[in-house]
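Chains as they are written, first to last, in my numbering: chain H, 1 to 661; chain R, 1 to 162.
Some clues are possibly wrong.
Claimed, not checked - DSS-like, lysine-lysine: derived pairs with alpha carbons at most 25 Å apart:
| id | chain 1 | residue 1 | chain 2 | residue 2 |
| --- | --- | --- | --- | --- |
| 1 | H | K306 | H | K281 |
| 2 | H | K272 | H | K211 |
| 3 | H | K530 | R | K106 |
| 4 | R | K99 | H | K519 |
| 5 | H | K652 | R | K106 |
| 6 | H | K453 | R | K123 |
| 7 | R | K92 | H | K652 |
| 8 | H | K404 | H | K380 |
| 9 | R | K69 | R | K157 |
| 10 | H | K516 | R | K106 |
| 11 | R | K99 | H | K652 |
| 12 | H | K271 | H | K380 |
| 13 | H | K519 | R | K106 |
| 14 | R | K87 | H | K297 |
| 15 | H | K193 | H | K306 |
| 16 | H | K511 | R | K87 |
| 17 | R | K87 | H | K652 |
| 18 | H | K536 | H | K359 |
| 19 | H | K359 | H | K423 |
| 20 | R | K76 | H | K536 |
| 21 | R | K123 | H | K530 |
| 22 | H | K530 | R | K162 |
| 23 | R | K123 | R | K92 |
| 24 | R | K69 | R | K106 |
| 25 | H | K283 | H | K193 |
| 26 | H | K404 | H | K262 |
| 27 | R | K87 | H | K530 |
| 28 | R | K92 | H | K536 |
| 29 | R | K76 | H | K516 |
| 30 | H | K519 | R | K69 |
| 31 | R | K87 | H | K536 |
| 32 | H | K262 | H | K207 |
| 33 | H | K519 | R | K76 |
Simulated from the structure, these hints should not be mistaken for laboratory data.
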Amino acid sequence: MKQLKYLSIIGATALALSINGCKPKNAGNAVTGNAAAKAYVAPGKYDEFYNFISGGFSGQLSVYGLPSGRLLRVIPVFSVDPEKGWGYSEETKPMLTTSHGFVPWDDLHHTELSQTNGEIDGRWVFGNANNTPRVARIDLATFRTAEIIELPNSGGNHSSPFITENTEYVIAGTRFSVPPDDADGDIPINTYKQNFKGHISFISIGKEDGKMDIAFQLECPGVNFDLSHAGKGKSHGWFFFSCYNTEQANTLLEVNASQRDKDFIMAVNWKKAEEYVKAGKGKKQAVKYAHNVYNEKTHTATSEIKTEIIVLNTKEFADICYFIPCPKSPHGCDVDPTGEYIVGSGKLAALIPVFSFDKIQKAIAEKAFEGDYEGIPVIKYEAALYGEVKKPGLGPLHTEFDGKGNAFTSMFVSSEVVKWNIKDLKVVDRVPTYYSVGHLCVPGGDSRKPNPKYMIAYNKITKDRYLPTGPELAQSAQLFDISGEKMQLILDFPTIGEPHYAQAVSADLIKGKSVKFFKLEENTHPYVSKGEGTTKVVREGKTVHVYMTAIRSHLAPDNIEGIRMGDEVYFHITNLEQDWDVPHGFAIKGALNAELLIMPGETQTLKWVPDRVGISPMYCTDFCSALHQEMSGYVRVSPSGSNVPLLFSTGKNLPAEADGK
Amino acid sequence: MKKLLYLAVICGLLVACGGNSSEEEKNPYAMEGGTPEAQAAANANPSYDPERGEGKFTKVDVSPTLDEKMAGSGQKVYEVKCNSCHKLTDEKLVGPGWKDVTQRHKAEWIMNFVTNPDVMLDKDPKAQAQLEICLVRMPNQNINDEEARTLYEFMRKNDGVK
C-alpha cells in the first residue's frame, strides 16, 4: 500500500514537472503522470523482458531487465574482462584468438536472437565484432559466449549478425571492402575500384548445437555494406543489404561517398546461391581464420585456424544479386513482419522509401533494369518501390515494427522517433528522444511476431540527461510504452559502452532454462580435482600444476612450499559447490593477470610466474560465507635451485617451535 | 551469535512469502511476525517433526547389517562432495565430524538434511544449533535421493555397523 502511495507521489511530482516545464525538449514535458508506475518493478520481482544490448566499443553484451531498466549482467564477448577472468584464465584465452593472434578488444555492434519459423526461440544471441571481423554465439542457458568465428576477406564487419528465419544462416557483410586475403594487398590505396571487393559471409548454424561454420562467401563489388535483414514469410530465401559508398571512394568518404543521389539496397537470393554452392560452382580459396569453441564439460575453449573457404563471384551468376536504387547513403535495411515491405533509411534523405517484395520479383521477371553496376543488374527504382514516407523527419536510420501495421523509425538528426503506417505511409505519431537516437528495439521487432508493448531508443548523445560525470557520460536508453496509439516515454536508463542494435524477448522464454551450476560429475577438465582428497601439487620441470579445490570457506591446499624462482605455476581450481550462485574467486599477489571467478562445479586455471623470493598470499575474492575472510592461504617462493621440498597441505602445517624457522 | 540465528529465521520467512500474490502490497522490508523472540517462538512449529526433519524422506528402511556395496558408493560421494568440510572422526572442521552421527540423528533426518539443507537450516532446531557453532550454512551439494541413502550407509559403516 505504502509503495502505491509513493508511486502516486512520484507520479504527481512528474505531473507537476510536466505542467511547469515550458522549455521544449526537456524531460518534464515528455513524461506523463503514470510513467513511474509503468516502469516500476518492485524489489524481488522479475522484469517482464530481457533486453540484450550491444556494448559497442566495450566489446561486450549487456543484459537489462525491462521495464525497470535494471542492468542484470554484462556478458564478456570480444573484450577481456578481468572481473570474470575472461581472456585471462587459461581456459578462456583461446576464445579471443584470431588469425592475427590474441586480440583483447573489439567493437560489438549488433545483437540478434535465434529464431525458428521467424519467431524468437530463446536459444542463442549472436553478436558481431566490427573491427577484427568475427561473429559470436552466446548461449542463453549459461549466458556465456560459446563460440566465436573469424571472417576472412573482410574489413569491418557491420551488416551482421542478422539471421534467416530458421537460423539457417547468420550473415556478415564487410563494411570496408578490401582486396581478397589471397591477393597481393601491397597495392596503392587509390586502386580501390580495380582491386577492392566486398565479401558477404554465410555462416551456417547447427540445428541442435548451434555450431557455426562459414558455408560460403559471396564476392560482390567493392562498396560499403552497412546493415541487412533477412526476408521472412513470403520473402524467406532472400536477404537485403544497404550499401553506401557506391562512389567507391577511398578517402574523405564524408564528402566523396555522399556524391550520388542514390546508393543501393542489394537483394540477394541466398537459396539460389546455396544451390550453386551445392552444385560445386563455388571456388575454393586459401585463407586463414580462427574458429573458437568453448566446451562446458571440459570448461575449456579450443581455437582452430581454418585455411579454406568457398567463394561465389556474384558477377558470374545472373540470378543471385540485384541492386535497387535507394536515396542517399542508406543505413537501416529492415523487413516488416509480413516479409513484403523492405524499408531503406537513407541517412541523408528527407524521405523513407519502402520497397515491395512482390514488385521486386516482378521487376526481376520482367527485367525492369536500368542497367548494371559492376556487372550486377540494377532494378528501376519505381519498379521496386511501394511508396515513400514523405517528410518523416531528418536523418532516418533504423526501423522496427509492431506487427499491427505500424513501423517506428529513428531520426538521428531531428532526435525523434516517428511512428508511421506501412499501408498508407502516413505519419501517425512522433516523440522526441534525448538526444540523437540511433537504433530502436521492439521485442521481436524484426521478427515475424513482434511483442509490441515497449520500444527502446538507444541514444548517441546524453548531454544534460544525467548528473555530470566529467567529459564522458553513459549513453542513455529510453523506454517508451507503445501499447497505445501514442508513444509514451516512461524511463531513461544508462547503458555500457555504446549500444547499437538490441533485441528484447519475453523473459518466460529464457528464465526457466538458466543453468544454476555445473555438475561435478560431468566435469572432464584435465586438471579437475573431484574432492579434496585428489588435490595435489605436481612439478614437471619448471612447470608446477596446483590441483586446488574451493568450498566454503577454504582452499585446498592452502599452504604450498617448494616453489622456486623461474617456475611457471598453474593454479587449477575446482569449485566443489553444487548450489546456485556460489562462485568462488581466486587471486594471488603479484600475478600479471586477473582474478578467476569459478562457477560451482567448474575448473578454471590462473597462470602465475613468481617474480620474487618470499611469501605470497592468495585468497577467495568473492564473498562466499561468514568465514570468507578466512578463505586464504600462502605460497612460499624460494630461490632458483633451492632444495626446499615441495609440500602442500590444508590444516596440517602447524606452528613451528618458537626457535625454529 | 543469536542475531545471526534471527537473521536466518527472518530470511527464511521472507523466502517463504515470496510469490504469494496477496502479499504484494506489503513492504518487503517490513519485519513480519513481530519481534525476533516472537518469531523464534512461532518457529517452534508444532506440526514439525524434529526427529524426521523436513524433506522427502518419511520412512527409511535400514537393515541391521551393513550393505558394503552401498557404503562404498557412499564413500565416493563423500570424497567429492563432503570431505572438504566433514572429517570421519569427531573433530569439527567446517562442519561437525561424522563419528556417531548415526546415533545423534535418525536416517530420515540425515537424508532430509543433506538433500534439503536450506529449508532445514531455517526450521530445524538441531540444525540451527549446529549453525550457531559452525557459522557456515551447509551448502546444498545437490545430493540426489540415491546418493543420500548411500551416504547414510557409509556413515553407518563409519560408526562401526558390520
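Each hint, compared with the structure:
Distance hint between H:K306 and H:K281 is fulfilled; the C-alpha atoms sit about 21 Å from each other, no more than 25 Å. The hinted pair formed by H:K272 and H:K211 meets the criterion: a straight-line CA distance of about 23 Å does not exceed 25 Å. Taking the CA atoms of H:K530 and R:K106, the gap is near 29 Å; set against the 25 Å cutoff, the hint is violated. With a C-alpha separation of about 28 Å, the suggested pairing of R:K99 with H:K519 is violated against the 25 Å cut-off.
Under the criterion of a C-alpha separation no larger than 25 Å, the hint pairing H:K652 with R:K106 is inconsistent with the structure, at around 33 Å. With a CA separation close to 43 Å, the supplied pair H:K453 and R:K123 exceeds the 25 Å bound. For the hint pairing R:K92 with H:K652, the CA-to-CA distance comes to about 14 Å; that is within 25 Å, so the pair holds. A hinted pair counts as satisfied when its Cα atoms are at most 25 Å apart, and H:K404 with H:K380 does not qualify at roughly 30 Å.
At most 25 Å may separate the alpha-carbon atoms for a hinted pair to count; R:K69 and R:K157 meet this at roughly 11 Å. For a cut-off of 25 Å, the pair hint linking H:K516 to R:K106 is broken: about 31 Å separates their Cα positions. The straight-line distance between the Cα atoms of R:K99 and H:K652 is roughly 20 Å, inside the 25 Å bound, and the hint therefore holds. Between H:K271 and H:K380, the direct Cα distance comes to roughly 23 Å. Compliance with the 25 Å bound is thereby established for this hinted pair.
A distance of roughly 29 Å separates the Cα atoms of H:K519 and R:K106; the hinted pair therefore is violated under the 25 Å criterion. Between R:K87 and H:K297, the direct Cα distance comes to roughly 30 Å. Violation of the 25 Å bound is thereby established for this hinted pair. In summary, the hint linking H:K193 to H:K306 is not supported, as the alpha carbons are separated by about 29 Å, beyond the 25 Å threshold. With a C-alpha separation of about 38 Å, the suggested pair H:K511 and R:K87 falls outside the 25 Å cut-off, and the hint is violated.
The hinted pair formed by R:K87 and H:K652 meets the criterion: a straight-line CA distance of about 13 Å does not exceed 25 Å. Proposed proximity of H:K536 and H:K359 is contradicted: the alpha carbons are some 71 Å apart, above 25 Å. Between H:K359 and H:K423 the alpha-carbon distance is near 15 Å, which keeps this suggested pair within the 25 Å criterion. At roughly 18 Å between alpha-carbon atoms, R:K76 and H:K536 fall within 25 Å of each other, so this suggested pair holds.
Of the supplied pair hints, the one linking R:K123 and H:K530 is violated, its CA atoms being roughly 31 Å apart against a limit of 25 Å. Between H:K530 and R:K162, the direct Cα distance comes to roughly 28 Å. Violation of the 25 Å bound is thereby established for this hinted pair. As the CA atoms of R:K123 and R:K92 are separated by approximately 23 Å, the hinted pair is consistent with the 25 Å bound. Of the supplied pair hints, the one linking R:K69 and R:K106 holds, its CA atoms being roughly 21 Å apart against a limit of 25 Å.
With a C-alpha separation of about 22 Å, the suggested pairing of H:K283 with H:K193 holds against the 25 Å cut-off. For the hint linking H:K404 to H:K262, the alpha-carbon distance of about 30 Å lies beyond 25 Å, and the restraint is violated. For the proposed pair R:K87 and H:K530, the alpha carbon gap of about 17 Å is at most 25 Å, so the pair holds. For the given pair, R:K92 sits about 23 Å from H:K536 by alpha-carbon distance, which is consistent with the 25 Å threshold.
Between the alpha carbons of R:K76 and H:K516 the distance comes to roughly 23 Å, so the proposed pair stays at or under 25 Å and holds. Proximity of H:K519 to R:K69 is assessed by CA-CA distance (about 24 Å); at most 25 Å being required, the pair is judged to hold. Annotation: proposed proximity of R:K87 to H:K536 holds, straight-line Cα distance about 19 Å (limit 25 Å). Our distance criterion of 25 Å between C-alpha atoms is broken by H:K262 and H:K207, whose separation comes to about 39 Å.
Distance restraint check for H:K519 and R:K76: the Cα-Cα separation of roughly 15 Å lies within the 25 Å cut-off, and the hinted pair is therefore satisfied.
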